[in-house]
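Kindly generate the complete structure, drawing on both the sequences and the hints.
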Amino acid sequence: MYPYVTVTSVVALKYKDGILMAADMGGSYGSTLRYKSVERMKPIGKHSLLGASGEISDFQEILKYLDELILYDNMWDDGNSLGPKEVHNYLTRVMYNRRNKFNPLWNSLVLGGVKKGEKYLGTVSMIGVNFEDNHVATGFGNHLARPILRQEWHENLSFEDGVKILEKCMRVLLYRDRSAVNKLQIAKITEEGVTISQPYSLKTYWEFSAFENPTQGAVGSW
Amino acid sequence: MDLEMNLNASHSMGTTIIGVTYNGGVVLGADSRTSTGMYVANRASDKITQLTDNVYVCRSGSAADSQIVSDYIRYFLHQHTIQLGQSATSKVAANLIRLLSYNNKNMLETGLIVGGWDKYEGGKIYAIPLGGTLIEQPFAIGGSGSSYLYGFFDQAWKEGMTKDEAEQFVVKAVSLAIARDGASGGVVRTVIINSEGVTRNFYPSDKLQLWHEELEPQNSLLDLLNSSSPEPMNI
Chain A
1 MYPYVTVTSV VALKYKDGIL MAADMGGSYG STLRYKSVER MKPIGKHSLL
51 GASGEISDFQ EILKYLDELI LYDNMWDDGN SLGPKEVHNY LTRVMYNRRN
101 KFNPLWNSLV LGGVKKGEKY LGTVSMIGVN FEDNHVATGF GNHLARPILR
151 QEWHENLSFE DGVKILEKCM RVLLYRDRSA VNKLQIAKIT EEGVTISQPY
201 SLKTYWEFSA FENPTQGAVG SW
Chain B
1 MDLEMNLNAS HSMGTTIIGV TYNGGVVLGA DSRTSTGMYV ANRASDKITQ
51 LTDNVYVCRS GSAADSQIVS DYIRYFLHQH TIQLGQSATS KVAANLIRLL
101 SYNNKNMLET GLIVGGWDKY EGGKIYAIPL GGTLIEQPFA IGGSGSSYLY
151 GFFDQAWKEG MTKDEAEQFV VKAVSLAIAR DGASGGVVRT VIINSEGVTR
201 NFYPSDKLQL WHEELEPQNS LLDLLNSSSP EPMNI
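Line order of the protein sequences matches chains A and B.
Under this note's numbering, the letters of the first sequence match residues 1 to 222, in that order.
Under this note's numbering, the letters of the second sequence match residues 1 to 235, in that order.
Hints listed in this document are in silico derivations from the structure and should not be mistaken for laboratory results.
Bear in mind the structure is a predicted one, so any value in this text is a computation, not a measurement.
One or more of the hints may lead you astray.
The list that follows gives simulated cross-link-like pairs (lysine-lysine, BS3-like), each with its CA atoms no further than 30 angstroms apart [as the list claims (entries may be wrong)]:
(1) Lys163(B) / Lys36(A)
(2) Lys64(A) / Lys119(B)
(3) Lys91(B) / Lys46(A)
So these bits of chain A aren't anywhere near chain B, every CB distance computed over 12 angstroms [claimed, not checked]:
(4) Lys116
(5) Arg146
(6) Arg150
We put the CB at the ideal spot given by N, CA and C, even for glycine.
This is the structure in structure tokens:
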């Protein structure tokens with residue numbers, strides 16, 4: 001069992017009003033950057049936002065499962081609606097049970113949301129490992145973005161500060177993750193609801209003198 | 001040296017397939033080579049298959065897998081049309097194919113491009129690569145020959161082409177892929193689908209423009225010898 005069309009890191013953090021999440025829009029087919037407009041953050045029900053990395057077809061299937069879940073919940077018509085903690089729990093069960101049958105859904109998921117003022121941010125991997133935290137990331141993001149987040153995150157970040165930190169993480173991923181593409185979206189979820197930004201690109205910096213003349217200090221080297 | 005052509009290899013359509021939207025509909029294009037190992041089993045196959053009056057699919061990968069998937073979907077869509085009371089939409093066709101491709105991902109080896117026209121959404125192209133991902137795009141390329149076309153499309157594709165511009169673009173692209181991909185070859189077939197209906201076109205290899213290092217085909221060396229004068233064998 002192996003993935004075919006994959007998407008790379010998701011990075012998310014809690015801020016003053018809710019959750020901010022960032023993901024690029026590239027879909028890779030092996031080493032080819034085949035699709036460049038893949039949306040991989042989607043609202044779930046009224047209170048949650050799901051971001052995914054890994055195999056796109058499995059993510060699409062998960063969205064269908066969640067559709068059914070939310071529909072079933074709505075049909076009770078009892079005034080209650082599934083919050084992010086419940087959706088995260090459901091996803092954890094699905095992922096872990098598939099892993100036990102040796103037929104995993106090849107995704108790492110980030111589930112964030114706000115319900116009744118309480119912010120929630122959790123993650124679950126393809127083998128069912130799940131936890132919540134103030135900031136989470138998948139894939140390369142774990143290695144490159146989380147150290148930045150550990151240093152710069154604090155309680156009650158403003159929207160602007162949150163976006164700046166996420167962009168700092170996404171820029172590093174763009175430099176250092178081969179499967180990253182320079183076209184991303186940032187999504188926010190607050191008590192009011194979900195907003196997903198238009199796709200945009202980040203400026204990158206290449207004008208270091210050491211980049212222009214890499215062998216200046218050691219002529220003849222590579 | 002491999003003298004055996006592995007004539008028992010499964011039929012694979014190495015292939016170049018393309019689907020492109022234009023202002024009014026879609027144009028689908030494909031090459032015509034089906035190979036068993038190194039042998040070309042069919043040099044004039046038709047890889048653009050009809051699913052309904054207004055929805056067609058381009059097939060790549062395993063010939064058997066893509067044919068059986070097409071057959072099932074044609075059957076489902078036929079029933080769906082009867083139940084619905086009107087033509088199926090390209091979105092429905094694409095989603096049905098996704099279901100089969102996704103749920104049988106461990107067994108199937110076929111990449112498909114669905115293109116059609118319906119009165120609700122106009123012309124649409126859906127790509128369904130290996131694994132069963134469904135992705136709607138303004139244009140899609142697939143098959144082994146598509147590797148050689150990513151740069152071409154990045155540079156030359158534009159939104160809102162006319163029907164003739166789009167068809168010429170598709171023919172050019174398939175022809176370029178055939179030039180470099182051993183698994184693609186033969187003729188270029190196109191299918192244009194819009195509100196007026198469906199048009200099939202056929203472009204035999206000798207009618208395509210020549211690319212780098214390709215020469216004008218001749219009947220025989222003798223013609224070349226007879227036409228030029230001073231140093232006949234010094235061509």
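Tested hints:
1. At roughly 25 angstroms between alpha-carbon atoms, Lys163(B) and Lys36(A) fall within 30 angstroms of each other, so this suggested pair holds.
2. Using a Cα cut-off of 30 angstroms, the hinted pair Lys64(A) and Lys119(B) holds, with the two alpha carbons roughly 26 angstroms apart.
3. For the hint linking Lys91(B) to Lys46(A), the alpha-carbon distance of about 26 angstroms falls within 30 angstroms, and the restraint holds.
4. Distance check on Lys116(A): its Cβ is at least 36 angstroms (rounded) from any Cβ of chain B, clearing the 12 angstroms threshold; non-interface status holds.
5. Listed as a non-interface residue, Arg146(A) keeps its Cβ farther than 12 angstroms from every Cβ of chain B; the least gap is roughly 28 angstroms.
6. Consistency note on Arg150(A): stated as away from chain B, and its beta-carbon is indeed over 12 angstroms from all of that chain's, at 34 angstroms minimum.
Violated hints are absent here; each numbered hint is respected by the structure.
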